[in-house]
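Chain order of the listed sequences is A and B. Counting from 1, one number per residue, gives the positions in the first sequence under the numbering used here. Counting from 1, one number per residue, gives the positions in the second sequence under the numbering used here.
There may be inaccurate statements among the hints.
[To be verified] A short, non-exhaustive set of chain A residues, derived as facing chain B with CB atoms under 8 Å:
#	residue
1	A69
2	I79
3	A85
4	F98
5	R103
6	P106
Simulated from the structure, these hints should not be mistaken for laboratory data. Where is the CB? At the ideal position from N, CA and C, for every residue including glycine.
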Amino acid sequence: MPFLELDRVGKQFGPQTVVDDFSLAVGKGEFVSFLGPSGCGKTTTLQMIAGFLDPSRGAIRLEGRDLTAVQPARRGLGIVFQSYALFPHMTAAENVSFGLEMRRVPRAERAERVRAALAMVGLAGYEERYPRRMSGGQQQRVALARALVIQPNVLLLDEPLSNLDAKLREGMQIELRQIQRNLGTTTILVTHDQNEAMSLSDRIVVMSQGRIEQIGTPQETYERPASAFVAQFLGKTNDFAATIGRVGAAPARLVAGSWSAPAPAGLAGPVTVSIRPERIGFGDTGLAAKIVTRIFQGNHWLFQCESECGPAIVIRQNDGRPQPVEGEAVRLVWRPEDMSLRGAGAAA
Amino acid sequence: MSAAIDNVPASAAATADTRDARAAWALSAPALMLFFGVLVIPLAMTVMLSFHDWGQYKGIEPVFILKNWREIATDPYYAEMFWRTFRIALLVTLITAVLGAPEAYILNRMSGRWRSFFLLVILGPLLISVVARTLGWALLFGGNNGLVNKLLMSIGLIGSPLRFMFTETGMVVALAHVMMPFMVLSVWAALQRVDPQIENAAMSLGAGPLTIIRRIVLPQIMPGVLSGAIIVFSLSASAFATPAIIGGRRLKVAATLAYDEFLNTLNWPLGAAVAVLLLLALVLIVVGSNALIERRYAEVFR
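Chain A with its partners taken away, still in its complex shape:
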């Protein structure tokens, strides 16, 4: 039995369907991310789990128990909000202690748990600080401690890191992941940042326009995107128009410009070849292209090329070997197993 289960959940605002047919089973201790652009319904789904919104259709179950009948205050979920929503008139310790007071935890135990929670997020010694006198990162940690101290069944994170600067965000990602692993709290993260989703989650739910595009491990969604949307949203990708055809009695071949490979079974006619920029190399034969710009980015080079099949991006590791210069004619090659194929009709 899954720990948290969303069964064909839908949300309607007037005539507008914000979330449609959302089904997901989350295992105990799992870290799942809802990833998608703004307005894709990920936050709405989170709010339905939290109980701030009622689903128009479907059921949400926690350990087999219907959650939609339970008051939000009784669901026992820990939530970290995008704005942190700390209580500005309370110190860090009072903020963290609030949930325990509501649960009538005795004073002595409360103090001990508050101290431990703040220490866990690296804020020992900040007990008496007011939120306004803390940095964004520190407020974030208080919000996390406040959500975790009540030992929630599920931890819900609503874009918790989006207000932090890039350096701090990376540090918090690592820390968040460690804390989650240590406590084993089932966690759902809502984010529009694909790097965040990939580095934190066990599984990613990619959403677009209220629908699930793909559910899979970070590697699966990156390497084997189920749709053009997923491929575009999770990092850069190259889409080349190609055809599958046979000449005479020879086995069918997949052809994109001057590049060709034996065709996989099951597809025919025009197709779209999708290939990540870091999987493309320069060779002697292959797709003919010309380097338009070459950008040095420290650990790698970024090439923008104009190929027979349209613009292409190539990323090469800075391994010390000489790289082609701007204006140079090159041949782009890749291994057939690194690309994913879609029927041309499905490309959008």
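Given the coordinates of chain A, assemble chain B onto it according to the supplied hints.
Chain B alone, transformed into the frame defined by chain A:
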């Protein structure tokens, strides 16, 4: 040589500085002159006037005596009148806070269209003259068969008609109505600064609706309630039109007494003393409570 070179930019900077300073004074001169002309000078003249002598037949004599101040300090009539003024102001402040804070909170939770409609309903009275609004209350109160009394008796809340006209009760009711928009606006402004997710946060931690209001919302809008209270208190204590119409000649407050001394008795010095004392008391109360509020909330709020 080097000294001469060093000197050039230094003196240039100095002239630039003096020019800047002169420009600043010149530019603020109109406002300063207006401030002095319409506020400082009349106020100083009023203070001076309060030390002048006055007689039924001799009129105002520009001498320095403490007669008016001694009269205010010794005659219990004035003590009672000032006590009444501040009692009314305090009651009005309490009523507007108790009714206005929930009003602003409910208003804030309404959806867009209803909110703008009710905001207009709340602020609308400010567009009507205080005199007109108070006369409206006088009509409603109007003796024993006023509408208010009839209504209260018909729903069985009171057995015999209450006296509203020429009583403190009537004054407090009418003033509370007049002052309500100021309190609602002040609390409303405080509510705008409250994170809309904060109630959800409290709810997710297990707090019920009453706990959320008592422990989360109320402490955050308290600065708004208190600054609204300062505005309402000072406006009520110095209100003239409402006490003059509802209280009439019989029940005087500081503002109506000063008016009567000036225009009926023609004892300008005594009226000036009353006015100055009211001003001093109000400044003390407002500055004092403001300092207290700021010290109390400095840690928490910007």
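Point to revise | Contradicted hints - numbers only | key: Going through the list in order, the structure violates hints 1, 6 and respects the others.
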